[in-house]
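Asker: These are the residues of each chain, in order.
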Amino acid sequence: MASVEERQSIHLSVNGREFEADVFPRWTLADVLRHQMGLTGTHVGCEQGVCGACTVLLDGEPVRSCLMFAVQAEGQEIVTVEGVTPDEGLSPLQEAFRAHHALQCGYCTPGMLLTAEALLKRNPHPDEEAVRAALTGNLCRCTGYQFIVDAVLDAAQRGGEK
Amino acid sequence: MAQAMRPQMMGARVSRVEDPRLLSGQARYMDDIQVPGMLEVAFVRSPHAAAKIVRIDVDQARSMPGVHAVLTYHDCPVLLWERDTYKVGQPVLAQEAVYYVGQPVVAIVAENRYLAEDAAELVRVQYEPIEPVLDMRQAILETPRRVHQHAENVFFHKEYSTPGFEEAFNQAAHHLSATFRTNRQTAVSLEPRGTAAMVDAASGRVTVYASTQSPHRMREDISHFLQIPEHLVRVIVPEVGGGFGMKANCYPEDIVVTAAARKLKKPVKWVSDRLESLLSDVHARDDIHDVDVAFDDTGKIIGIRDHLMADGGAFPAYPFSGAVGETSLASRVLTGPYDIPHLATTIDCTYSNKTPLGAYRGVWGPIASFIQEGIVDRVARALHLDPAEVRRRNMIQKQQFPYRNAARMIYDEGSYLESMEEALRLIDYPGFRQRQAEARRQEKYLGVGISVFVEPTAMASSEAGSVGYESCTIRMEPSGKVTAALGLGPSGQGHETTMAQIIADQLGVPFEDVVILHGDTDSAPYGGGTGGSRSGPIGGGAALVAGRQMRERLVKYAAALLEAGEADIELGDGKAWVAGVPDRSITIRTIAETAYTNVKKIPEGLPIGLELTARYLPKRPVTFSNGTHIAEVEVDPATGVVKVTRYAVVNDCGRLINPTIVEGQIHGGVAQGIGAAVLEALRYNEDGQLVTTSLLDYLLPESTDVPRMAIRHLETPSEGEGGIKGMGEGSLIAAPAAVVNAISDALEPFGGMVDTLPVTPKDVRTLVQSGRQG
Chain A
4 MASVEERQSI HLSVNGREFE ADVFPRWTLA DVLRHQMGLT GTHVGCEQGV CGACTVLLDG
64 EPVRSCLMFA VQAEGQEIVT VEGVTPDEGL SPLQEAFRAH HALQCGYCTP GMLLTAEALL
124 KRNPHPDEEA VRAALTGNLC RCTGYQFIVD AVLDAAQRGG EK
Chain B
5 MAQAMRPQMM GARVSRVEDP RLLSGQARYM DDIQVPGMLE VAFVRSPHAA AKIVRIDVDQ
65 ARSMPGVHAV LTYHDCPVLL WERDTYKVGQ PVLAQEAVYY VGQPVVAIVA ENRYLAEDAA
125 ELVRVQYEPI EPVLDMRQAI LETPRRVHQH AENVFFHKEY STPGFEEAFN QAAHHLSATF
185 RTNRQTAVSL EPRGTAAMVD AASGRVTVYA STQSPHRMRE DISHFLQIPE HLVRVIVPEV
245 GGGFGMKANC YPEDIVVTAA ARKLKKPVKW VSDRLESLLS DVHARDDIHD VDVAFDDTGK
305 IIGIRDHLMA DGGAFPAYPF SGAVGETSLA SRVLTGPYDI PHLATTIDCT YSNKTPLGAY
365 RGVWGPIASF IQEGIVDRVA RALHLDPAEV RRRNMIQKQQ FPYRNAARMI YDEGSYLESM
425 EEALRLIDYP GFRQRQAEAR RQEKYLGVGI SVFVEPTAMA SSEAGSVGYE SCTIRMEPSG
485 KVTAALGLGP SGQGHETTMA QIIADQLGVP FEDVVILHGD TDSAPYGGGT GGSRSGPIGG
545 GAALVAGRQM RERLVKYAAA LLEAGEADIE LGDGKAWVAG VPDRSITIRT IAETAYTNVK
605 KIPEGLPIGL ELTARYLPKR PVTFSNGTHI AEVEVDPATG VVKVTRYAVV NDCGRLINPT
665 IVEGQIHGGV AQGIGAAVLE ALRYNEDGQL VTTSLLDYLL PESTDVPRMA IRHLETPSEG
725 EGGIKGMGEG SLIAAPAAVV NAISDALEPF GGMVDTLPVT PKDVRTLVQS GRQG
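Heads up: the sequence lines are chains A and B, in that order. Okay, so the first sequence: first residue is 4 according to the numbering used here, each after it adds one. Okay, so the second sequence: first residue is 5 according to the numbering used here, each after it adds one.
Source of the hints: derived by calculation from the structure; they are not laboratory data. Just so you know, even glycine gets a beta-carbon here, dropped at the ideal spot from N, CA and C. Check each hint, because a few of them may be wrong.
Covered by chain A, per the in silico footprint, the following chain B stretches (three or more residues, Cβ under 8 Å) [as the list claims (entries may be wrong)]:
#: 1; region: 189-199
#: 2; region: 232-246
#: 3; region: 335-348
#: 4; region: 516-529
Anything over 10 Å on all C-beta distances counts as not near chain B; from chain A, calculated [unchecked claim]:
#: 5; residue: 9
#: 6; residue: 19
#: 7; residue: 23
#: 8; residue: 46
#: 9; residue: 50
#: 10; residue: 61
#: 11; residue: 62
#: 12; residue: 77
#: 13; residue: 84
#: 14; residue: 162
Assemble the whole structure, with the sequences as input and the hints as a guide.
Answerer: What follows is the structure in structure tokens.
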């Protein structure tokens, strides 16, 4: 096993692209995504695994990228907010967030979007209770959640259509 | 002179221009600022609440590979505050002693944060701990000792009384007393604080990226404390992930980071982690109020006596002491929306060995509302009257405006009683009382809490360390596109949208043609920043005045170029035309081209180009928003758990710029209010250690803690520009009182009333048990 003092070469699959990176084993996935790969849409809010701002999808499941090391993510498909954003314009879920004013400062927004993406994949027609339950792991200090819940419900109802 | 345009964008539910970048992960927050060679800082912070520093040994840290500098007080000898203001100022790095857990002592500058933290562990500081001063009431009595040897603990004392207070108070038929306690809370912006500084080798100018609400104030502070001429400092505020008053201060770290960048001639960045933020962001709401109330048989309140105490922490936060702000302003709006003729207040703000107290959204408001609404409910319970009815009997009536309250604050017109009646309808108050009675028969405890609030907004001085006016520069480019800049410091409020709405209406150009700049002292005119609910009424007012002045200039151009009278010119849809003769028109674009490139055609008396700056100072020193919140809760007496189940808001902030954004502000404030009421508390142990240093300990409301809210708007315009009143704080001012009054109402069969914020499940259990014993 490599020493924690030495850099390791790792291979990450992020947003459908392959990346090579030299990382120290103690570097978190969030730090490597942000600072080695320039994917700064993933935000760090607490580094305690509570706030959910750093949420990314790992093989489709929302995880805290502040609570895992980059070396642990090898061999898995990572999706960040940049990966769910179309080349032109916004995704239906992002459009719904905009239409419903589901964001203010925007810091929690990428994590919210990814958690909601995962929910809608698992449960395409959630009711309000299911949406609220799914979002409990993502803290928002600005919106009081109501417009976020509305946006997710609206996106679900539209079934991915714009 | 043309008629003012009928507003089209003002008042419309426009989607925000900020959103696409935020939704796609393209926004640039503090930690996204990265330039080649940038170093990062970690701070060594005090582990003691109070201790003498015997020795600081940084040799090992300094020699660690990857470390560029280790700074102590001697490398950055700056005190926040001039000593004469509150007699003490915080050294940006601790000098001979430490005064609170988390106080910065040593700064490590290294190649990255990981290495900086490694090096921080190699710093050896030898402390001699002394007994900390932690109890507010004791501290006021200088017990067990003074926090600062050369200053009394009470650093702010003030007394006020209405003439004839004692006589009126003593003659009243009824009296009651209560002590209200608010525990320490803090803003917890999801993006922590941060600062980055770099020196431009060519010009010698210093660029400081700061996550702040007050860009110009930050420039002044850095210029002043580090003695850099102001024009050689540029403050840039990147995207700010929430501020809520907490980012209105200049902090020690801002100064140290800038000093380090100058010393090392390298870009240097510091971003707080959550542990640091809970320790070192300003705290708020550490207040005790000893209250006596006099009232008559009908429930009419005659007088309030209040001893207001606040624990300001170890130093006055710079440039705004939260303890002084919370108490002195609470003392002035303590009578809220009620016509209470007599008031006597005594204020004591004390030092302690805790984190400095600063601003958190609402500052004094949530405390004052909690007390004022708690008083009304206590009067109602004492006289067996309905709480809504007691409010009706005390409410300031329409014909009393402008109303001078017992603390001599002048209230402009509002909709106090209407807002309450409308909110009672929204929540179906009579229906609720029936449900409550039925539920009680099944030993279920529902409660409803009413909170009628006033929100003093757009005050000349606010927690933003602010000026009373705001500035707006409008530059119409040669193509007719518009660039406008304001001195505001938004952190999610959507100013790029709302200010563009206002300006587009004035200039008659499409909303998309207006771009709003802010947060860069090189492009924005000097302004007061964002805080104290000033951006809408004062910033919006400045945008309106600047827009009107630019409009007047466009009209002069159009009149000259169309050979018509100015009074006949109308503007809209990117054109100017002669009223009633739409064919006689000219595009705004052509006017703009003329102003810059066809200067011979510029009408006489007009300057070349289309650029101007307007400053707007409201005539009134304050304008009052108002409204009513009603919360419905279910309390489980067995577990003490409170669930907020229904919520109604009637809000009046004058003319609305964008109702959707206003509703977003209300939702967020209510969520914070629920946190303030039942979840959020910064707790110190007996050694002065803050024991709530993670978000697992300091609990924020989650999506399942906040109910769906019903909102109605009333619009009583202010007398200021656009009729706008501020509204950023009102919802957090009102909500805690609504929730705790609802809890008291639910627990009415047990007898007690909530007197503490937050009220935890344990507190609820205590209320239930003491009631059962009683």
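Asker: Please go over all the hints and tell whether each is borne out by the structure.
Answerer: Hint-by-hint comparison with the structure:
Chain A is given as covering the region 189-199 of chain B, and this holds because 6 residues of the stretch bring a CB closer than 8 Å to a CB of that chain, at least three being needed. For a cut-off of 8 Å, the count of residues in the region 232-246 of chain B with a CB near a CB of chain A stands at 4, and the three-residue condition holds. With 0 residues bearing a CB less than 8 Å from a CB of chain A, the region 335-348 of chain B misses the requirement of three and the coverage assertion fails. Coverage of the region 516-529 of chain B by chain A is violated. Counting CB-CB distances below 8 Å, 0 residues qualify, and the rule asks for three or more.
Against the 10 Å criterion, residue 9 (chain A) stays outside the reach of chain B, whose nearest CB is about 14 Å from its own CB. With a minimum CB-CB distance of about 15 Å to chain B, residue 19 (chain A) clears the 10 Å threshold, and the non-interface call stands. A cut-off of 10 Å between C-beta atoms confirms that residue 23 (chain A) is not in contact with chain B; the least separation is 20 Å. With 10 Å as the threshold on Cβ separation, the claim that residue 46 (chain A) sits away from chain B is violated: the shortest Cβ distance comes to roughly 7 Å.
Interface exclusion of residue 50 (chain A) from chain B breaks down, the closest Cβ pair being 6 Å apart, not more than 10 Å. In this structure residue 61 (chain A) is separated from chain B by more than 10 Å, as the shortest Cβ-Cβ distance comes to about 17 Å. Annotated as non-interface, residue 62 (chain A) keeps its C-beta farther than 10 Å from every C-beta of chain B; the closest such distance is 20 Å. Every CB of chain B is more than 10 Å from the CB of residue 77 (chain A) (nearest about 20 Å), matching its label as outside the interface.
At roughly 4 Å, the least C-beta separation between residue 84 (chain A) and chain B is not larger than 10 Å, which violates its mark as non-interface. At the 10 Å boundary, the C-beta of residue 162 (chain A) stays outside the reach of chain B, the nearest C-beta of that chain being 20 Å off.
Hints 3, 4, 8, 9, 13, counting from the list given before, are not met by this structure.
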